[in-house]
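K.L.:
Produce the complete structure using the sequences and hints provided.
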Amino acid sequence: MDPNHVNDDEAQAGSLIGSDLGTCFGYTVRAPFPLMAMRSGTGIPLEVREDGSLPENIGEPLLHWVEGDRSIVRLYQESDEYLMWVEGDDWFHIDPAAPSITCMGSIGGPRREARIFGLPAALCYMARGYVAVHAAAVDVDGSALLLAAPGRHGKTTLAAAFAGQGYRLLAEDTTCYRPFGDPSVLPGPAMLRLRPDVYEHLSLPRATVAASDPERVFVILDEAGRGDSEPVPLRGVVFLRVWDQDEIALERVASDRVVPDLWTLTFNLPTDRSRTDCFQAVVGLATTVPIWNLHRPLSFEQLPTVIDRIVSTCLG
Numbered sequence: 003m004d005p006n007h008v009n010d011d012e013a014q015a016g017s018l019i020g021s022d023l024g025t026c027f028g029y030t031v032r033a034p035f036p037l038m039a040m041r042s043g044t045g046i047p048l049e050v051r052e053d054g055s056l057p058e059n060i061g062e063p064l065l066h067w068v069e070g071d072r073s074i075v076r077l078y079q080e081s082d083e084y085l086m087w088v089e090g091d092d093w094f095h096i097d098p099a100a101p102s103i104t105c106m107g108s109i110g111g112p113r114r115e116a117r118i119f120g121l122p123a124a125l126c127y128m129a130r131g132y133v134a135v136h137a138a139a140v141d142v143d144g145s146a147l148l149l150a151a152p153g154r155h156g157k158t159t160l161a162a163a164f165a166g167q168g169y170r171l172l173a174e175d176t177t178c179y180r181p182f183g184d185p186s187v188l189p190g191p192a193m194l195r196l197r198p199d200v201y202e203h204l205s206l207p208r209a210t211v212a213a214s215d216p217e218r219v220f221v222i223l224d225e226a227g228r229g230d231s232e233p234v235p236l237r238g239v240v241f242l243r244v245w246d247q248d249e250i251a252l253e254r255v256a257s258d259r260v261v262p263d264l265w266t267l268t269f270n271l272p273t274d275r276s277r278t279d280c281f282q283a284v285v286g287l288a289t290t291v292p293i294w295n296l297h298r299p300l301s302f303e304q305l306p307t308v309i310d311r312i313v314s315t316c317l318g
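Just so you know, we're using the numbering used here here: the sequence shown kicks off at 3 and counts up by one.
Please keep in mind that the hints were generated in silico from the structure rather than gathered at the bench. The structure displayed is predicted, hence computed values, not measured ones. Beta carbons: idealized from backbone N, C-alpha and C, even for Gly.
The calculated label-pair distances, taken between Cβ atoms and stated as ranges, are:
(1) T289 - R32: 34 to 44 Å
(2) A99 - D248: 50 to 60 Å
(3) G227 - T307: 21 to 31 Å
(4) F269 - F302: 26 to 36 Å
(5) P152 - E58: 28 to 38 Å
(6) E58 - D184: 39 to 49 Å
(7) E58 - L317: 49 to 59 Å
(8) A100 - T289: 26 to 36 Å
(9) S314 - R197: 22 to 32 Å
(10) R208 - F35: 16 to 26 Å
(11) V285 - P235: 14 to 24 Å
(12) I109 - D258: 39 to 49 Å
(13) R208 - E232: 16 to 26 Å
(14) P57 - F269: 21 to 31 Å
P.N.:
This is the structure:
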């Protein structure tokens, strides 16, 4: 494990030395507890709160996510506000109009921070017309690239490898995409959640392990490389495909062929308005930003070559 590893209590104590204010997804975040992965700059205020009470009589979920036979996330709607339950009996109340996110539960440290800036934050920025895309994102000399793929396709690993080479991480799993004006990405938390076996194969000299468990290592990137959360122009989308051949293939894809793939990687609510807005954003993305298919083996040894190919081909 990384020699800079600290446990949850040490990580939180270290965060108290600095400010609990920072930016994420274009928001200035205010919270009563430390936040470790925020960026510099200013933005629209977002209040993060704590409440020791748990909700009651909440009815049926609007959306429900399962993994095998486990229920992992449930989302409930109350008028224009939301309640989210996460496995472990942690709850979040989300008011996109405020905007505010209230934490109810025992989880703390970087795990809580990662959950706050997952679906709860996405519901807030979606209310502003932005789109949540299941993709990592990196900043290459002022241009954003999306690394788009479902789970188990190596997008977080590739994003971490980019960060290890000195590129700025914008998002590790879910990207905030601004579809209007100049298409752009709003940077999320400067955090990586990596499987322990993956972390052991990566070099991240400008980062610190803040917590770990059998499933994930929580890595916080150093402040010097985070930047702010101002929009970064989006200059390309790379779909990560896995194949059993040794070589790497990167090819441009026609816009009309990628709409179904983009649609499956965006999050929308089960309403006509949400789905219509999301579909229009997907079509706009497909027709204004170059899209690429990357076929490669899932190999740690090939990561530097993959990064060189992406940068030279997509932004060369």
